[in-house]
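Okay, so the sequence shown: first residue is 1 according to our numbering, each after it adds one.
Bear in mind the hints are in silico, worked out from the structure with no lab data behind them. Careful, some of the hints might be misleading.
Claimed, not checked - Per label pair, the in silico range of CB-to-CB distance:
1) PHE24 <-> ARG56: 54 to 62 Å
2) LYS12 <-> GLU44: 51 to 59 Å
3) ASN42 <-> PHE14: 29 to 37 Å
4) ILE17 <-> PRO51: 56 to 64 Å
Quantities reported herein were computed from a predicted structural model and do not represent experimental measurements. Glycine included, every Cβ here is placed at the ideal spot set by N, Cα and C.
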Amino acid sequence: MESKQNKIVRKKFFNNISKGFVGFLLFNSFPFKIFGKDFLKNKEVEVKINPNAVVRKKNGKKNV
Numbered sequence: 001m002e003s004k005q006n007k008i009v010r011k012k013f014f015n016n017i018s019k020g021f022v023g024f025l026l027f028n029s030f031p032f033k034i035f036g037k038d039f040l041k042n043k044e045v046e047v048k049i050n051p052n053a054v055v056r057k058k059n060g061k062k063n064v
């Protein structure tokens, strides 16, 4: 009984190791160049005025 239980534990161990190795290989083969520097390039930013914003045209005074 003890040897059978030991075989089951060993089988689970090797099964988990093999799944981890396959997952690691898939993770390393994933093309991370898609998320590379192309998306980080400086692009022109459009600034739109919010039509729902409160407009305060007081210059030099505290807006409370």
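Against the structure, the hints come out as follows:
1. Take PHE24 and ARG56: their Cβ atoms lie about 57 Å apart, and the range 54 to 62 Å holds.
2. Separation of LYS12 from GLU44 is about 56 Å and conforms to the stated range, judged on CB atoms against 51 to 59 Å.
3. Checking the proposed 29 to 37 Å range against ASN42 and PHE14 shows it is violated: the Cβ atoms sit about 50 Å from each other.
4. Taking the beta carbon of each, ILE17 and PRO51 are about 60 Å apart, inside 56 to 64 Å as hinted.
Consistency note: the structure conflicts with earlier hint 3 alone.
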